[in-house]
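Use the sequences and the hints to build the structure in full.
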Amino acid sequence: MKFGVVVFPGSNCDHDAWHAAGRVAGHEAEFLWHNDATVRGVDCVILPGGFSYGDYLRCGAIAKFSPVMEAVKRHAREGGLVLGICNGFQILTECGLLPGALIRNRGLNFICKPVRLRVETSNSPFTCAYEKGQEAVIPIAHGEGCYVADERTLDELEAEDRIAFRYLENPNGSLRDIAGILNRERNVLGMMPHPERAVEPLLGSSDGLGVFHSLARCFAERAR
Amino acid sequence: MSEITPEIVAAHSITPDEYERIVSILGREPNLTELGIFSVMWSEHCSYKSSRVHLKKLPTRGRHVVQGPGENAGIVSLGRDAEGQEWCIAFKIESHNHPSFIEPFQGAATGVGGILRDIFTMGARPIAVMDALRFGPLDDEATGARNRRILDGVVHGIAHYGNCFGVPTVGGETVFEPSYSGNPLVNVFALGIAHRDKIFYGRACGVGNPVIYVGARTGRDGIHGATMASGEFTEESKQKRPNVQVGDPFMEKLLLEACLEAMETGAVAGIQDMGAAGLTCSTCEMGSRAGTGIEIDLMHVPQREEGMTPYEIMLSESQERMLLVAHQGREQEVLEVFRKWGLDARIIGHVTGDGMMRVKNHGVVVAEIPSRQLADEAPVYHRPYTKPLREVPLEAPEFASADLTADLFTLAGSQDLCDKRWIWEQYDFMVRTNTVLGPGGDAAVLRIKETGTMIAMSLDGNGRYCYLDPREGTKLIVAECARNLACVGAEPVGATNNLNFGNPERPEIMAQIVEAIEGMAEACEFFETPITGGNVSLYNETLGEAIFPTPVIGLVGTMPLMEPPGTGFRAPGRAIYLIGGTGEADEIRMGGTQYAKQVLNRLWGLPPQLDMQLEKRVQAAVREMVREGAVESAHDISDGGLAWCLAECTFPRETGARVELDADLRPELLLFHEGPSRVVVSTAQPALVEQIAARHGAPAVRIGETGGSELVICNRGAELIRARVRDLKRRWCTALEEWLHAGQEIHA
Chain A
1 MKFGVVVFPG
11 SNCDHDAWHA
21 AGRVAGHEAE
31 FLWHNDATVR
41 GVDCVILPGG
51 FSYGDYLRCG
61 AIAKFSPVME
71 AVKRHAREGG
81 LVLGICNGFQ
91 ILTECGLLPG
101 ALIRNRGLNF
111 ICKPVRLRVE
121 TSNSPFTCAY
131 EKGQEAVIPI
141 AHGEGCYVAD
151 ERTLDELEAE
161 DRIAFRYLEN
171 PNGSLRDIAG
181 ILNRERNVLG
191 MMPHPERAVE
201 PLLGSSDGLG
211 VFHSLARCFA
221 ERAR
Chain B
1001 MSEITPEIVA
1011 AHSITPDEYE
1021 RIVSILGREP
1031 NLTELGIFSV
1041 MWSEHCSYKS
1051 SRVHLKKLPT
1061 RGRHVVQGPG
1071 ENAGIVSLGR
1081 DAEGQEWCIA
1091 FKIESHNHPS
1101 FIEPFQGAAT
1111 GVGGILRDIF
1121 TMGARPIAVM
1131 DALRFGPLDD
1141 EATGARNRRI
1151 LDGVVHGIAH
1161 YGNCFGVPTV
1171 GGETVFEPSY
1181 SGNPLVNVFA
1191 LGIAHRDKIF
1201 YGRACGVGNP
1211 VIYVGARTGR
1221 DGIHGATMAS
1231 GEFTEESKQK
1241 RPNVQVGDPF
1251 MEKLLLEACL
1261 EAMETGAVAG
1271 IQDMGAAGLT
1281 CSTCEMGSRA
1291 GTGIEIDLMH
1301 VPQREEGMTP
1311 YEIMLSESQE
1321 RMLLVAHQGR
1331 EQEVLEVFRK
1341 WGLDARIIGH
1351 VTGDGMMRVK
1361 NHGVVVAEIP
1371 SRQLADEAPV
1381 YHRPYTKPLR
1391 EVPLEAPEFA
1401 SADLTADLFT
1411 LAGSQDLCDK
1421 RWIWEQYDFM
1431 VRTNTVLGPG
1441 GDAAVLRIKE
1451 TGTMIAMSLD
1461 GNGRYCYLDP
1471 REGTKLIVAE
1481 CARNLACVGA
1491 EPVGATNNLN
1501 FGNPERPEIM
1511 AQIVEAIEGM
1521 AEACEFFETP
1531 ITGGNVSLYN
1541 ETLGEAIFPT
1551 PVIGLVGTMP
1561 LMEPPGTGFR
1571 APGRAIYLIG
1581 GTGEADEIRM
1591 GGTQYAKQVL
1601 NRLWGLPPQL
1611 DMQLEKRVQA
1621 AVREMVREGA
1631 VESAHDISDG
1641 GLAWCLAECT
1651 FPRETGARVE
1661 LDADLRPELL
1671 LFHEGPSRVV
1681 VSTAQPALVE
1691 QIAARHGAPA
1701 VRIGETGGSE
1711 LVICNRGAEL
1721 IRARVRDLKR
1731 RWCTALEEWL
1741 HAGQEIHA
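Chains A and B, in that order, give the protein sequences. Here the numbering used here is used: the first residue of the first sequence is 1, the next is one more, and so on. Here the numbering used here is used: the first residue of the second sequence is 1001, the next is one more, and so on.
Take these hints with a grain of salt, some might be off.
Here are some chain B residues the structure puts well away from chain A; computed CB gaps all over 12 Å [to be verified]: (1) 1053; (2) 1102; (3) 1206; (4) 1330; (5) 1389; (6) 1405; (7) 1544; (8) 1594; (9) 1604; (10) 1620; (11) 1722.
Cross-link-like lysine-lysine pairs, in silico, DSSO-like; alpha carbons within 30 Å at most [stated by the list, open to error]: (12) A/113 x B/1449; (13) B/1729 x A/113; (14) A/2 x B/1449; (15) B/1420 x A/113; (16) A/64 x B/1340.
Distance ranges between label pairs, derived from CB positions [said to hold, decoys possible]: (17) B/1063 x A/175: 54 to 62 Å; (18) B/1733 x A/79: 45 to 53 Å; (19) B/1328 x A/79: 51 to 59 Å; (20) A/116 x B/1380: 52 to 60 Å; (21) A/116 x B/1737: 18 to 26 Å; (22) A/28 x B/1612: 50 to 58 Å; (23) A/161 x B/1450: 39 to 47 Å; (24) B/1083 x A/132: 40 to 48 Å; (25) A/26 x B/1542: 55 to 63 Å; (26) B/1562 x A/132: 35 to 43 Å.
Source of the hints: derived by calculation from the structure; they are not laboratory data. All values derive from a computational prediction rather than experimental measurement. From the three backbone atoms N, C-alpha and C, an ideal C-beta is built for every residue, glycine too.
Put into C-alpha cells, the structure is as follows:
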C-alpha cells in the first residue's frame, strides 16, 4: 500500500506522517508537492498538520485553491482514501469534502496534550482495526479545533455512523465532542488529534497506529 | 554628505574615543551611513565590548566540540549512524529581553525567529526549543497587571512563532522576581541537527562569487534606536516607526525549507542570517571571517517601502532575511530553489578580494569600511569592577515555622514552583515526533531518528543565588543543569550561556559579570561542559534598578536509546533513596531558598554550598542507575528543597510516600534547604542502587517507601509533614491560573 503525504509550504507534520506511515507502519510513503496537480497514483493521501499557507486568513482557506487539492478531490471522488489530520481536517472542511468547520478553541489558547478518545465506529477503512467503543490516547495540538456544524448535519453524522472519534474530555468545545468524522462514502476521514504522533511507545502512546493498521487491512481486503 | 557633529556621534552612542578610532580606521571622517554601521557593529549587543575580555576565560574546547563560539551557533558531534555518517547538533541561546518588554508578543516571537535562523543558517534543521523566562510578580500592586500582560503576550508570541514554524518547545523555566518588573527576560535556547559534511558557515568565500539576498523585503522596522535621536535624519525620513520588529513564522518556515534545499544543491558557499544589525552585520561578518570583502548595491535589495535611505536599509532589522554566497556560475540553481518556495531572492553584489565592505546605491559608493576592523576590532573595554552589588544582610533573621505542612502548601501555590502547564500546553511540544520527555521534568529528552540515539537538554538560572554570590551562584546553576541531565541518564557534551545583567558601567554590576563568568568557567571546566556559544544581554535596568544577575545555562547531553525514568513515583511499595544524603545547611545558607522567598518573604545570606567533587560522584552514580534501569524515578533536589522534591515525585500518579529521616538539622532546614548534589530516586532494586552508589562513592540513604494517598515526612520519629497528595497537587495545578486571573476580578 502506498501513502502520499501532501507538502504545503507551511506543513510541519509532513515528515511525522511520512515517518509513521513509512518507517513505523512499514508502508511505501512519498511526498506530494502542493503545486503539482496529481496524487501520483497513491492509495491513500494524507493531508498533514501544520499551517498550509501560513493560515493567517483562516485555516485551510487558501489551501483549498491549491493545484494538489484538485487532484485530491478527484482521488476522493474515485473512491481513493484521504486522511486529513489537524490542518488537513481544516482543509477538508474548507474544500467541502467534509461538512462543518473548525473554529477557534473555546478557551482561545492553542492546546497541545495527549487526550483520551473513544473510537465511535469500526466501520471505516481508517478504524476497522479498532474495536467500537475502544479508548485511545492520541495527542492534539491546535488553536482552531472546535468542530461546529448545524444541528441537521450533526444529526446526520450520528445517524449515518460517521463520527469516527469523540473526545472523552472535550478540550476545545467541539459540538457533540466530535474529534473526527467521515464523509458519506467513508473513504475520507478528518480528525484533529494526531495519530502519527502516537505510533511509538517510546513517545508515550502507540494508540494511533490503529489508523495505519486499519488502512493496511482494508487495502489488503480490497485487493483480494 | 552631511557633516558629522559631536551631537550626532553621541546620539549613536559612540564615545569620542571610539569616534577617533573610526576616523583612524577609515583615514577620514565617516559619513552618516558609515557612522550608523559602526554604531550597530560596535554596540554592546554585537561587539560584546564589555564582556569580551572575560568571556575568553570560558572553556570552549571538548572532545565532541566541532565548532565553538564565533559562528552563528556552536556545534557538537553526536557520532556516526549505522552507515558511518556523522551527525552533529547545532545549538545556541539568545535573549530578546528589551523588545519583549516594549511589545511582548512580537518581541518574544521574533526572539524565537532569530535564534531559529541562527541554527538553520548552519545547515541544521531545528528540532527543539526551550525558554528561560523572567517576569515581575503577578500579584504586585503597582506592576502586577503589566506583568500579567507581559507574561501573556510572551507566551502567546512564543507559541505563535514556534508552533507555526514547526519546532517543538520542549521545556524551560519561568521565575518571578520584582527586579524583572521593568526588565522581563526572554531567553530562547534552540537546537538543530545537521550532517557533519553539510555544515555551513557564515563566510564569504571565493572572490567573484555572487552575494544573494533572500527572504522578506527590507522595511523600516527595527532600525537602530539611535537614529530616532538624530535631527539630521528626520528630514530624510518620511515616517517614524517604533523600533519593533514583526515576525512572520510562515515566511521563516519557507526560508528554512528553501535554505536547506539550496544547501543540498552544493551551490552554496556560505550563508548567514540577518539578525541584529541586519544587512550590515551579515555583510561585514561574512567578509571578515573569510578574509574577503563584499560589495553590494542597495538598488537590488528588495524593499517594502519607497524612499528608504542607505542608512535605513543597512540598519533595518526586518525579520526573516538571509544573506547567501553562491558558487559563481551556479547561482541559478540557488535562485531556482527559492523560486520554488515562492521567496524573493536577488543577487545584490559579489565577494571581493580587497577586504572592504563596500556599499553602493545606484552605483555610487555610500559606505566603504574594512570588514575586519568593523567586525572584529571593535573597542574592548576593561571596565572597572569592585565588589558585586548586594544590598541584603548576611545574617539570618529569626524564623520558626508554626506549621510545616502549611509551608509546603505555600510553596505549592507559589508563582515560582506552581505547575506551569498553562504555559507549556500552549506550545506544540511534540511536533517532529521526537519528544520522549517534554516540559515539566528535570530535562527534556529527544530521540534522534538519524542516529538512533537520544539527547537531553536542560536550562537553568537562579537570580537569587547569583545576587547573593555571583560566583558560587553560577557554579550552582551549572551543577544543577548537569544534575538534571544525570537524572534522565544523559552525559553532558556541550553548553550555551545567556548572560543577563544590568549596566556594566557600574563597577558593582561589572563585578557581578566578572564573578559569574569566572564561576561558570570553573564549573564548566570541572563538569566538562564546554561553552560553544551564547549571548550577553547587558543594561537590563530600569530607573537605576538592575535585574538580579541572571546567567542562564543551557546544557546538552547524549544518551543511548532507552526509556528514561520520569520524575514521579511509579508504583507503591518502592524504596525511596536520597542519593547524596541529607546535605549540609545552616541559617545563613537558607537565605536564597524558595522557603525564604515564599514563606518568609526575605532574602539574606549566601547560596547553598557546593562541593563539586561530591556533585560529580552523585551525578555519575545517578546516571548509571538510570542507564542500568535500577530506578523507576529520579528527581533532583533544587528549588524548594527535599520536601518539595518529594511532593513533586508524588504528583504524576498521585502515589504517596512515607519518609523517615535521621538528621540533626532543625526541621525548616532539613525539609527546605536547597543544598545541591542530591537526587531522590525510587526503586524496586534497592541492592543494585546501593551497589552503584557505593561504587561511585556517593552516599545513598534509604529514606522511606512509596505508597498511600499522603506524603508523610518524619525525622527521628517526629512527624513534620502530613499532606494529602491530591490536595497538595490541586494547589499546585490551579495556582498559576489563579495568579493570572486575580487582577481581572478586581477590574470586573
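Verification of the hints:
no.: 1; hint: 1053; result: holds (43 Å)
no.: 2; hint: 1102; result: holds (23 Å)
no.: 3; hint: 1206; result: holds (31 Å)
no.: 4; hint: 1330; result: holds (23 Å)
no.: 5; hint: 1389; result: holds (39 Å)
no.: 6; hint: 1405; result: holds (31 Å)
no.: 7; hint: 1544; result: holds (37 Å)
no.: 8; hint: 1594; result: holds (27 Å)
no.: 9; hint: 1604; result: holds (39 Å)
no.: 10; hint: 1620; result: holds (25 Å)
no.: 11; hint: 1722; result: holds (31 Å)
no.: 12; hint: A/113 x B/1449; result: holds (22 Å)
no.: 13; hint: B/1729 x A/113; result: holds (19 Å)
no.: 14; hint: A/2 x B/1449; result: holds (22 Å)
no.: 15; hint: B/1420 x A/113; result: holds (14 Å)
no.: 16; hint: A/64 x B/1340; result: holds (19 Å)
no.: 17; hint: B/1063 x A/175: 54 to 62 Å; result: holds (57 Å)
no.: 18; hint: B/1733 x A/79: 45 to 53 Å; result: holds (48 Å)
no.: 19; hint: B/1328 x A/79: 51 to 59 Å; result: holds (53 Å)
no.: 20; hint: A/116 x B/1380: 52 to 60 Å; result: holds (59 Å)
no.: 21; hint: A/116 x B/1737: 18 to 26 Å; result: holds (22 Å)
no.: 22; hint: A/28 x B/1612: 50 to 58 Å; result: holds (54 Å)
no.: 23; hint: A/161 x B/1450: 39 to 47 Å; result: holds (43 Å)
no.: 24; hint: B/1083 x A/132: 40 to 48 Å; result: holds (44 Å)
no.: 25; hint: A/26 x B/1542: 55 to 63 Å; result: holds (59 Å)
no.: 26; hint: B/1562 x A/132: 35 to 43 Å; result: holds (36 Å)
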